[in-house]
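Enquirer: So the sequences go chain by chain: A and P. The numbering used here applies: residue 460 is where the first sequence begins, and numbers increase by one. The numbering used here applies: residue 460 is where the second sequence begins, and numbers increase by one.
Hints in this document: simulated from the structure, not taken from any laboratory. Note that the structure is a prediction, hence the values are computed from the model and not measured. Wrong hints could be hidden among the right ones.
Remember, identical chains collapse to one label, so a pair may be satisfied in a single copy or spanning two.
To be verified - Keeping only pairs whose Cα atoms sit at most 27 Å apart, straight-line, the calculated DSSO-like set for lysine-lysine is:
| hint | residue 1 | residue 2 |
| --- | --- | --- |
| 1 | 550 | 696 |
| 2 | 521 | 550 |
| 3 | 684 | 771 |
| 4 | 590 | 610 |
| 5 | 587 | 725 |
| 6 | 610 | 684 |
| 7 | 610 | 587 |
| 8 | 610 | 696 |
| 9 | 521 | 740 |
| 10 | 475 | 696 |
| 11 | 475 | 725 |
Protein chains: 2
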Amino acid sequence: MKKFGFGVDIGGTTCKIGLFETTGQIVEKWEIPTDTREGGKNILPDVAASLQGKMRERSISKEDVEGIGIGIPGPVQTDGSVPVCVNLGWKNVHVPAEMEALMPGIEVRAGNDANVAALGEMWQGGGKGCKNMVMVTLGTGVGGGIIVDEKIVAGSHGAGGEIGHITVNPHETVPCNCGRNGCLEQYCSATGITRLAKERLALEHGETLLDKEEVSAKAVFDAYKQQDKTAEEIVEKFAGILGRGLSNIACVADPEVFVIGGGVSKAGEILLEAVQRYFKKAAFPSCVDTRFALASLGNDAGMYGCVKLILK
Amino acid sequence: MKKFGFGVDIGGTTCKIGLFETTGQIVEKWEIPTDTREGGKNILPDVAASLQGKMRERSISKEDVEGIGIGIPGPVQTDGSVPVCVNLGWKNVHVPAEMEALMPGIEVRAGNDANVAALGEMWQGGGKGCKNMVMVTLGTGVGGGIIVDEKIVAGSHGAGGEIGHITVNPHETVPCNCGRNGCLEQYCSATGITRLAKERLALEHGETLLDKEEVSAKAVFDAYKQQDKTAEEIVEKFAGILGRGLSNIACVADPEVFVIGGGVSKAGEILLEAVQRYFKKAAFPSCVDTRFALASLGNDAGMYGCVKLILK
């Protein structure tokens, strides 16, 4: 096996690049700006120049490189082509073909950024040692990634792992960003938790550490850690919705572990415990012991997953 | 590639056996009784004797046989071993190892019967031409099978594709067979549809073709085809629950096609149309055009899938 691999996680403002040993050890990481001008035509050439510079600097030949994995903030086809990527200004970019033309002799693969982040967590993060995993990213929205037998389930329309848009409440009247109503993301994202908190605080007449005007998901979990009763109610509601939602996912994909990441997951073990408690109550009998773990690679997960993408 | 493969779908009373060309063409099928006495110890030897007899009869040598695929009515581990199978009386049977000892020189693989039936429908049935499929079996219960990239998602606890046990109504007070409440199967199986019908008929004061005492899923769909208003209400309720349930599965596995099989699916296109209509309303935008198809292999699906299991 060749010794090195590059992971390139392209975001709307910066590209996070990592040089890895194929064993999973990170050697060095750095960032370059993402130039989205002119339909993003400079993005891949800029990345290629950066990788070539690094190879010269460290005297790494192309024979030493197993490949380059690239994460894209949008839908990616199975062959690595990108029909449209609004965040990068791209239309019809075949990432492997264009990148291989810039870096002859090195294999290139591409995947969606949320999916490669899940793969990264499976390989070297919270799901290390597992082959079947569901990643749940609780950020501004709720994202996900389904890994079956070490491979991403991208889906036939790029909607594999779009678990934030599972309908958990068909009676919801407030619309989700996707245009539908009652999606998991409306209750379990940072924004969703804030909304749950505001609704609860509007009814509050007792004492609470939470401030009606400046409540946030973080404030809720901070108050929860101090046993604030109102925060407890909000967290129980959040955990009930998420735990039950994940129990339904277990009846489809039946993973070994749910790995919880994203900004909200910084609340830590106390969040896992609450969600897992509701999951156990709701789960199909054979799945009650499914493990829960926190994501551990933070913003580097995508880079890791990009490298895993190119390993055979 | 070798020319032939055997598919053996072991049931609690009979084993359905098929000799196939590896192209997917069935050459001959027959059945032998399943002998569940003495912990089912004769089952695999009986199957082996039947296969050897057929090979002699048709002058097929082991060099002509790609392999033997075996479907088991219970949970099967990834390596083909079966910890417990109540239907067969088995405890700790390593199907490939035991069968290969009986049929030296021929490769053997085993899978769960519902999962191999899904694989069969993907290979030569309603999902032909697809690599990503969700099979929905509406029988006495509701079963399923998730196929990703032509492979079964068996799950870490054998619960992959247990879609009948997705909770669709947390407020349900009647318990499901699994001990929980509000599972999809409680509304969308033949039994579930009968229950919906009885509940509706208890409130009926007008005219209907349906008989309160002898209603069945088949009677409901027959009356639906004759535009019976009461049957329409029942079918709309069933289709709404199933369509919304499948829209949530699409946010996880995002298949190209949902293939609907099992006894209830004999209602035909009219059932597909109703379910798909609710699916489209509920689905995540990128999935609204997911195809729906009827299963087409009937009880032979398992045999087909067993053969597909052994093809590289």
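Enquirer: Each hint should be assessed against the structure and marked as holding or not.
Expert: The hints, checked one at a time:
Proximity of residue 550 to residue 696 under the C-alpha cut-off of 27 Å is found in neither arrangement, the shortest distances being 41 Å within a copy and 42 Å between copies. When the C-alpha separation of residue 521 and residue 550 is checked against a cutoff of 27 Å, the pair qualifies neither within a copy, at 29 Å, nor between copies, at 53 Å. With identical chains, the CA atoms of residue 684 and residue 771 are never at most 27 Å apart, being 44 Å at best within one copy and 53 Å at best between copies. Taking identical chains as interchangeable, the C-alpha atoms of residue 590 and residue 610 lie at most 27 Å apart whether they share a chain (8 Å) or sit on different chains (15 Å).
In this assembly of identical chains, residue 587 and residue 725 lie within 27 Å of each other by CA distance solely inside one copy; the values are 19 Å within and 45 Å between copies. When the C-alpha separation of residue 610 and residue 684 is checked against a cutoff of 27 Å, the pair qualifies neither within a copy, at 37 Å, nor between copies, at 44 Å. Proximity of residue 610 and residue 587 under a CA criterion of 27 Å is satisfied in both settings, with 14 Å inside one chain copy and 23 Å between copies. Taking the shortest alpha-carbon separations for residue 610 and residue 696, neither the intra-copy value of 33 Å nor the inter-copy value of 37 Å comes in at or below 27 Å.
In this homomeric assembly, residue 521 and residue 740 never come within 27 Å of each other (Cα to Cα): the closest approach is 53 Å inside a single copy and 51 Å across copies. Within a single copy, residue 475 and residue 696 get their C-alpha atoms no closer than 36 Å, and across copies no closer than 50 Å, so neither meets the 27 Å cut-off. Taking the closest pair of Cα atoms, residue 475 and residue 725 come within 27 Å of each other only inside a single copy of the chain (21 Å); across copies the shortest separation is 54 Å, beyond that limit.
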